[in-house]
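K.L.:
Sequence:
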Amino acid sequence: MSMLRLKINVNLPHLPCIVVSVVLNGEFEQFVSSFDFDDKQKRWIVIGITLNRLLLPVLRDFAGKELFKHYTSLKSAYGVDAQGYSTHMKKDGSFDLNYGSINNNWGTFKRKVLLYDYKVTSAEDLAKLYLEPHMAKFTGFDGTCDLSAVLGMLANSSVFHTRIQANARDVRSKVRNEWGHCNFDHWNEPDFSYSFQLMETLIRSLGLPRADEDQVCDELQEWETKAQNLEAIKKSNADEAKRIGEALQDATDEITKFDKRIAGIERRLTEEHQAQTDKNKEFSSAIEDISNNITIIQGHQDTNKRNISLLEERHNELESAATSLKEGQGALTSKVEALEFGQTQLDSRLKKLEEGSAIATVNAEILHLPSRNHCFCGRKGELQTIAALLKNIVRGCSESAICGLGGVGKTALAVEYLWRQKDNEMARQVGTFDDKDFSNSLSRTLDWLRKREQLWCLVVDNLDELEMSMDMQKLLTGHWKQAARGHIIITTRREATEIGEETGIEESSCIELKCFTEKEGVQFLKSRSGTVGEDSDFRELVKELGGLPLALDQAAAYIRSLRRPIKEYLKKEALNLYTRAIALWLNDHKLLCNKALCHLKLGEPRNALEDCQKCLILKPDYSKALQRKAWALQELVEGGNSELEGQKRAAIAVALYFDPSLREDKKFRYWCPDVPGLRFREINNETELTSALKTTNGDETLLLHEGEYHLTSFKTLRDFQIVGLGPKIYLNCAKMCAIVNAKCYFENIVFPVGNAVLGCLGNNGAVHLNQCEVSGGGKSCADIPDCNGGPGCVAPSLGKPACDRTGNFGNFKPESGIPGSPGVGISEGASGLIENCVICHCGGGGAIVAGKGSELLVKNCEVYKNHLAGLEAREGGELDALGNKVFGNGYHGILIWKLSGKCDVDGNKIFENAKEGIIVGNTKEKIALHNNSIHHNRPFGISLHNSSQLSINNNEIFENGFWGILAKGRTSAHIAGNELIGNKCGGIFIGVNYSGRVILKENTVRDHSGPWLENEFKKGSPRMDYSLLDDNEIDALGFDLPEGEKHYYSTPPILAENKHFNNEEGLHHPREVAERLSSGCTYCRRREDKKVRFLKCPGCLIASYCSNECRRNHRVKHETLCLALKARYAVDVDCVHLAERGFLARLRVFGSHLVGIGEGPKPEPNREFIVKIQTQTLNSHPLQLLTLYDQSVTIDCVIQSPEIFNVIMDCGVLGGLNKFTSKKCFFWAMFTESGGKLTIYLDHLAPYQKW
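With my numbering applied, the sequence shown corresponds to residues 144 to 1394, in that order.
I should point out that these hints are in silico values taken from the structure, not numbers from a laboratory.
These numbers come from a predicted model, not from an experiment.
Here a beta-carbon is modelled for each residue, glycine too, at the ideal position from N, C-alpha and C.
Don't take each hint at face value.
Here are the simulated EDC-like cross-link-like pairs (lysine to aspartate or glutamate), alpha carbons at most 16 Å apart as the crow flies [to be verified]:
1) Lys624 - Asp590
2) Lys1041 - Glu1068
3) Lys657 - Glu638
4) Lys317 - Glu1068
5) Lys767 - Asp731
6) Lys871 - Glu851
7) Lys208 - Asp285
8) Lys262 - Asp224
Derived DEER-like restraints, expressed as beta-carbon distance ranges [said to hold, decoys possible]:
9) Ile440 - Phe801: 51 to 57 Å
10) Asp947 - Glu851: 33 to 39 Å
11) Gly689 - Glu645: 26 to 32 Å
12) Arg1236 - Lys594: 25 to 31 Å
13) Gly942 - Arg1236: 54 to 60 Å
14) Arg749 - Gly1359: 52 to 58 Å
15) Gly689 - Leu482: 31 to 37 Å
With the hints as constraints, model all of the structure from the sequences given.
P.N.:
Here it is as C-alpha cells:
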C-alpha cells in the first residue's frame, strides 16, 4: 500500500498561515484542507494558482522564443554582442534599455554609466534590458524567471505586438501586482472576474496554436468556476489535490521572491538613510541643549499638574456631596408623589360618595363635569370674560364661544370655569334618556332645561364638524331657548366670524383663545412635569412648541414619565414626538423646523438640513428655519463637506436679509462665525446684476428679486453665490454661461430654454445647483434621432435641407437630426453638485461630465424630456446619480461611455426613455448600478458593451422593450440580487462576449414571453479567425472586435442560485398578456400587498394601477391592447412591396427552417387568410417598417403601424434563428373592399405557423 503525504506551510509575516495537506493511500482516500478563510482570501489563493501554474509557463515559453529571435536579429543588425558606450543601442522602440541589469553593471558601478559593460551576449541578457536590476536575477527562461520579469519583457519589448504589450501591462498592474500586495479586501467578485478576463485576453492575444490556446483558457475558466466554492476541491481526485498543493507552493515561492526584492530595496534605502544620518550628527549637540531646556520646563509643568490634580480631587468631593443631596431630594419627591397619589384616591372616593348621595335624592343638584386639570394655570382674563357673560342672566338662554386651534386649551378653560362656579351653576340628572330614539332624548332633555327655574350651564365641546347635524342645530338655534334660563358655552376650532354666522352668537361673545404666553407656559410645564431645570430650558421648550397647551401637556407628561431633566428631553426624546406629529400634520412648518433643531442638538446636521428645506418649501421666509439651515450647513462644512461652503454663505445671507437684527444676535453669530464679515447685496434688474458680477471681489452673495435677467454672456473667475428670492427668477445667458476655476452656488434660479450651456471647467472650478430648473443648451431637432422635418426641425435654420426619416424610423445608422448641447457641462477637472433640481427640455442631454478628474453628483432631481441622454459621463468623468427620477429623454436615461471614470448609479427611477434606461460602454473603471427601478424604456433596461468591473445589484428591471439586461463585447459584470420581470424579449441576453466574465447570482427572472437567459455564442458555434491580420487591417474590414482580439468567441456565464420561472416562449392572446400583468400595478409593478386598493382600467377592466399617474403613463402602450380586449378590433394598412423599396435586383431568400414557405394557397378577396408580420432587429421605434408576407409569398411587403407593433411586442415570439430582438406574430387578414390595403385583426391571433 503506497502512501504520499504532501504538506505545505505558508507563514509569511503579512499573511495568514495557510496549510494544505494531501494524503494518498492507494486509491484516493482523503484530501484535507484548512480553507477556513473568507471568500476574498480564497479568491486570492486561486489568483495565485492561475498566475503561477497556468499563466507563467505559457508566457515564459512564448517570451523566450520570441526574444531569442529578436536577439538574433539585433546582433546581426546592430552588433549588440560587441557594442560599447559610444555605440550602444539606447532604445528598443520607445523603451529606454536598462544596461544596469546586465553584466553586474549596477552592482559594481551604480550610476557610473561610462564604466558599464554594454555587451549583450545572449537572449537572456536582452530580456534583462527591459527590467530593473532587482528583477533581472534569472539565469534563463526557466524556473529562475518569475512572472513579474516575464510580464515586464512582454510589456516593453518591441518584438511583441502592441496589443500584447497593452494586455501584459494590464495583467501586471491590475492582477499580478494587486495579488502580490496581499490586500485581501481587493478581491471582491467583480475584481476577481475582471482579473480572469485580463488573463484570458492576454493568452488569446499571443497568437498561440488554437488547441494550446483553448486548453489554457479552459483551465482558466475551470479555476474561475472552482473559486465559487473552494470546499468542492476537497472532493477532487489525488492528481488534482497534488496539483493544488504544488500550485500553492509555487505561489508561496513567488511571494517569497517578492518579499526578498522588497527587502533588497529596503536595505538600499536603509544605507542611504544612514549616510544622511551621519551628515546630520553635527546638529546633535544643539538638539541636546534644547532637549535639556524642554526637560526643565516640563518639570515646572509637572508641578502645576500636581496642584491641578489636588484641586480636581476637591472638586470631585464637592460634586459627590451635591449628588447625594440630589438623591435625597429625589427620594423626598417620590414620597410627595406617593402622598399626592393617595390624596387623588381619597378625592376619587369622596367624589363617588358625593355622586351617590346626589343620586339618592331625585331633586338634588349634582355636578356632571370632566375631571379637573390640577395643573391649570394662567387664563385669568379669559375666565373673567366668561364670568361677565353669565353674570346678569335673568331670563332666556345666552351663548358664548371659545375659539382657537386644536390643542390650545378650549375644553380645559371651559371645564376650569365650571369647576370654579360649581356652587352656583349645576346640571341635573333628569332621566330623559331614550335608548331607541336620540332625537326624542334630546327633545325631552331640552324641554327639561326650558322648564328649570334654577340657572344652568351647558358645554358643547369640540363643535368642529364641517356641517352641523339637525339635532345640533336644534340644540343651538331652537325656539326652546326663549323660555329657558341658562347659558351655553361652545368650544370650537372655527373662527369667531364663522361660528357667529352658523349659530347667531355675537362676535363680542366669542373668546379667541391664544397660545400660552412664555410666563404661563413655564408655569404650566413646571407644574405638569414635576421636574427640575433652568428657567431658560423651560422657556426654550415653550418657545419651540409655540406655547401650544396640548403640545406642552404631552411634552410635560412624557418628561414626567422619563424622570429625566428637561435638557435631555430637548434632545433625543423630542425628536420622536416631532416625527410622529409630522406624520399627522404634514403641512405644519413649525413641526419640521422644531424637528430640525432636535437633529442639530443630536449632532445630525444632514437630517436637520433636510427638515429645514422641507419647512422652507411650506414657508419660504420663516426666520427660524433660515437660521437653523445656516447652522446645519456650518456644521456640515466644519465636518469636512467643503463643497457646501457656497450654500452655507448663501443661507446666512438669506437669513440676514429677512431678519437684519441677526447680525447682532449673539446666538446666531455663535452658530455662524462668518456673520460679521459676510457680504451680500440685493439685485433688482439686469443692470445691477451686470455691475455686481463685474465688481464683486468674491465670496459675495447676490440676492435676486423676482423677474427675468437677460445677459449676453456670463463668465466668471471669482467665487460667489446667486440666490433667487421669489418663485420664478430667470437667468438667461444667450451666448455663454461659464464658470472657470471658480466656485459658484445657485439657488432657486431658472435657466430657461435658449440659455447657453451652464459650463464649469478647470481643476479649481465647482458649481452647486440647488432647487434650480435647467432647460438650456444649444437647440437640437425636437425628434432627434428620428427627426422627420416639421416645426421641430432646426436643419433649415442652419441652411440645411429638412430632415427626412421616411421609412427609416428607429434605424441605428444613419440617425436623423441635428444634435444640441447639454444643459449643464462639467469638464477639465471641475466638479459639480446638482440637488433638488429639475433638468428638463435641454437642447442636448441634461447634464454631462467629461475629462479626467471631473466629477458630477446629481441627487434627488427630476431629469426628463431632454433631447439626448438624461445624464452622461465620458472620457474620465465620474458620475454619481443618487435618488433621481430620469424619464422621457430622447436618448438614454443614463449614458456611461468612452472611458468614463468611476460611476455610481444608486436608488434612481429610470423609465420611459427612448433608448436604454442605462447604457455602459467602453469603460475600464468600476461602475456600480444598485437599487434602481428601470422600466418601460423602449429597448433594453441595461445595456453593457465592452466594459469591465461592473457591479449590478438589487435592481428592479421590468417591462422594457427588449431584454432586461444585454451584455456583450468583452463585458465583465457581477449581476446579483436583481429582479427582472416581464421584459418583452426575455430576461438576460449575452452576446459575443470574448473573455468577458458575467456572473449571475441570486437573481429572480420571471414572467417573460422569452427565455430567462440567452447566450448568443454557444459552445461549438463557428468562430471567425483574423489572427493573421493586424489591427489596422481588421479595422479596415469593418469588424467590430475589441482591442487585442483576433477572433470571435465567448466565455459562458457563471450561474449561482438564480430563480427563474414562468418564462414561456410562444404566441399569447392579448387577454392572456393583460391578465398576466394584472397582479399588482400593471405599470410600476407595485405588489398588491403594498397597497390596499387598485384602480381598474375602465376599458378592459383587467389592467390595474396603484395611482392615476401610473394609469396615465401606461395609456399609450396599453391603448391598443385595451381596444383589442373590448371588441372586434382591426386596423387597415398600406402595403409597400419590396420592389418599391429598392429590392428589385435582389432575390428574396428564406431560411431552410421555414417549413412550407412558398407552397400555401394564395390569398383570395373577401376571405380571411394568415399573414406573418415581423419587427426589425434592434429597432424599438413604433413607426418602423414591419415585414409582412403570407405562406405563398403572394404578399411580400412592408407596412407601418404602431398598433400592430405594440401587439407584436406584447404577444409575439422571438425569431426562430436568432432569439435576439426581432419578434413575429401571425394575424388574420383580409383585403379591404377598395383594394390596395390590408385589414389586420388584432383582437385575436392566428395559430402559430412553421413558415
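K.L.:
Do the beta carbons of Asp947 and Glu851 sit within 33 to 39 Å of each other?
P.N.:
holds, 37 Å
K.L.:
Honestly, do Gly689 and Glu645 meet the 26 to 32 Å range at C-beta?
P.N.:
Hint holds: Cβ distance 28 Å, inside 26 to 32 Å.
K.L.:
Holds or violated: 54 to 60 Å for the Cβ distance of Gly942 and Arg1236?
P.N.:
Holds, at about 58 Å.
K.L.:
Straight-line Cα separation of Lys1041 and Glu1068 no greater than 16 Å?
P.N.:
holds, 11 Å
K.L.:
Given the range 25 to 31 Å, decide if the beta-carbon distance of Arg1236 to Lys594 lies inside it.
P.N.:
Since the Cβ atoms of Arg1236 and Lys594 sit about 53 Å apart, the hinted range of 25 to 31 Å is violated.
K.L.:
CA of Lys767 to CA of Asp731, is that 16 Å or under?
P.N.:
holds, 14 Å
K.L.:
With the threshold set at 16 Å, check whether the alpha-carbon distance from Lys262 to Asp224 stays at or below it.
P.N.:
With a Cα-Cα distance of about 5 Å, the restraint between Lys262 and Asp224 holds, given a limit of 16 Å.
K.L.:
Quick check on a hinted range of 52 to 58 Å for Arg749 and Gly1359, using CB atoms only.
P.N.:
56 Å Cβ-Cβ, so the 52 to 58 Å window holds.
K.L.:
Decide if the proposed pair is consistent with the structure: Lys317 and Glu1068, CA atoms, cutoff 16 Å inclusive.
P.N.:
holds, 11 Å
K.L.:
Next pair to validate is Lys624 with Asp590; report whether the Cα-Cα distance is within 16 Å.
P.N.:
holds, 9 Å
K.L.:
For Lys208 and Asp285, compute the direct alpha-carbon distance and say whether it is at most 16 Å.
P.N.:
holds, 12 Å
K.L.:
For Lys657 and Glu638, compute the direct alpha-carbon distance and say whether it is at most 16 Å.
P.N.:
Holds. Lys657 to Glu638 sits at ~12 Å (cutoff 16 Å).
Checked against the numbered hints above, the structure violates only hint 12.
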